[in-house]
Amino acid sequence: MPFVRIDVLGTDTDRLDALGRAVHDALVETIGIPPDDRFQVLTAHDGGRGTLRYDDYLGVRRDDGIVYVAITMRSGRTPAQKQALYRRIAELAEEYAGTEPRNVFVTVTENESVDWSLGNGVAQYADAEGAAGPAPL
Amino acid sequence: MPFVRIDVLGTDTDRLDALGRAVHDALVETIGIPPDDRFQVLTAHDGGRGTLRYDDYLGVRRDDGIVYVAITMRSGRTPAQKQALYRRIAELAEEYAGTEPRNVFVTVTENESVDWSLGNGVAQYADAEGAAGPAPL
Amino acid sequence: MPFVRIDVLGTDTDRLDALGRAVHDALVETIGIPPDDRFQVLTAHDGGRGTLRYDDYLGVRRDDGIVYVAITMRSGRTPAQKQALYRRIAELAEEYAGTEPRNVFVTVTENESVDWSLGNGVAQYADAEGAAGPAPL
Numbered sequence: 001m002p003f004v005r006i007d008v009l010g011t012d013t014d015r016l017d018a019l020g021r022a023v024h025d026a027l028v029e030t031i032g033i034p035p036d037d038r039f040q041v042l043t044a045h046d047g048g049r050g051t052l053r054y055d056d057y058l059g060v061r062r063d064d065g066i067v068y069v070a071i072t073m074r075s076g077r078t079p080a081q082k083q084a085l086y087r088r089i090a091e092l093a094e095e096y097a098g099t100e101p102r103n104v105f106v107t108v109t110e111n112e113s114v115d116w117s118l119g120n121g122v123a124q125y126a127d128a129e130g131a132a133g134p135a136p137l
Numbered sequence: 138m139p140f141v142r143i144d145v146l147g148t149d150t151d152r153l154d155a156l157g158r159a160v161h162d163a164l165v166e167t168i169g170i171p172p173d174d175r176f177q178v179l180t181a182h183d184g185g186r187g188t189l190r191y192d193d194y195l196g197v198r199r200d201d202g203i204v205y206v207a208i209t210m211r212s213g214r215t216p217a218q219k220q221a222l223y224r225r226i227a228e229l230a231e232e233y234a235g236t237e238p239r240n241v242f243v244t245v246t247e248n249e250s251v252d253w254s255l256g257n258g259v260a261q262y263a264d265a266e267g268a269a270g271p272a273p274l
Numbered sequence: 275m276p277f278v279r280i281d282v283l284g285t286d287t288d289r290l291d292a293l294g295r296a297v298h299d300a301l302v303e304t305i306g307i308p309p310d311d312r313f314q315v316l317t318a319h320d321g322g323r324g325t326l327r328y329d330d331y332l333g334v335r336r337d338d339g340i341v342y343v344a345i346t347m348r349s350g351r352t353p354a355q356k357q358a359l360y361r362r363i364a365e366l367a368e369e370y371a372g373t374e375p376r377n378v379f380v381t382v383t384e385n386e387s388v389d390w391s392l393g394n395g396v397a398q399y400a401d402a403e404g405a406a407g408p409a410p411l
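Chains as they are written, first to last, in the numbering used here: chain A, 1 to 137; chain B, 138 to 274; chain C, 275 to 411.
Source of the hints: derived by calculation from the structure; they are not laboratory data. A quick note: this is a predicted structure, and the numbers were derived from the prediction, not measured.
Example chain C residues on the side facing chain B (calculated, C-beta under 10 Å, incomplete):
1. Q357
2. N377
3. V382
For each residue, glycine too, the CB sits at the ideal point set by N, CA and C.
Produce the entire structure from the sequences given, and follow the hints as far as they go.
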């Protein structure tokens with residue numbers, strides 16, 4: 001379910017791949033996402049048809065190693081879970097891709113179970129919740 | 138109003154175009170979107186500067202025919218309407234673009250009327266609601 | 275904090291850059307975003323691997339000068355602030371990039387403080403709120 005977009009500068013697709021794995025492994029480790037629940041759009045911007053902008057907001061020194069990670073997922077994760085997620089993304093981005101933690105920018109947008117169709121034209125999460133609901137009297 | 142991003146693999150822009158029409162027609166048919174209320178970003182990723190990742194989560198076999206459809210729209214649609222929407226997107230993706238329903242992944246993110254400016258620097262939906270509000274006593 | 279995606283047609287990266295500045299300056303002027311709080315993904319679509327679709331919905335004549343601006347930010351801005359923001363984006367898009375206001379399409383998606391990590395693996399906004407909370411009895 002998490003649907004993840006990762007945007008970086010440059011043309012290094014190996015780095016992009018490593019960042020995708022970093023984010024996914026962090027989701028699995030910290031908030032219980034199943035290992036095969038992986039849906040990502042990975043984009044490298046080389047300046048020819050687009051680019052990224054950033055600044056040193058909040059005193060964090062950023063450079064062209066910047067990584068934008070935008071995660072859409074269902075609501076329900078606690079603040080502590082999200083904080084663990086951010087920490088682990090930063091750790092694994094460094095371990096897998098050599099990206100410094102200062103350059104890892106993450107934002108989360110939440111929606112609900114009925115807002116997902118994971119194939120075959122059905123709303124799998126909403127159907128599952130309906131099926132698991134209270135039995136009729 | 139719906140703002141739609143569609144991401145696919147490959148370089149087949151005809152398929153991408155067909156998928157855009159499939160999603161739009163499904164929005165019109167199932168949740169009452171006006172035919173000319175069409176705002177889409179269509180992107181094909183050929184591996185050179187980005188790619189898509191996916192897995193067989195929930196037992197759905199996916200392959201490089203994967204289509205990510207991310208819809209932003211105002212809140213207010215019922216679960217039944219969304220389920221009809223997903224079903225129809227999958228049907229039309231197959232009919233128009235030859236995409237198998239198992240490869241059609243959809244996620245919806247909702248916001249409110251005041252979160253849209255459809256041109257000319259104004260918030261058309263919020264303005265309309267204000268104008269249609271209760272008359273002053 | 276605002277995380278902004280801008281999508282245009284064509285290959286004019288100077289125009290894309292000017293649009294990025296227009297949106298950022300409008301955010302600073304109208305809703306109090308700090309000048310160095312700038313995080314943007316700018317993409318030009320040249321038709322080869324993707325494109326934009328649009329129509330004349332609500333009687334607004336659009337053409338290939340269309341600009342899609344998608345802003346993710348924390349909740350809390352008032353409708354009046356958002357309306358000022360849209361107005362100013364349209365004004366500055368014209369001033370900086372020669373884009374006609376009719377072609378400026380903006381949508382806002384909101385989340386919460388804990389949904390942001392602006393580097394170093396921490397949730398800066400949530401941490402700040404926690405630190406500023408009521409002292410223990």
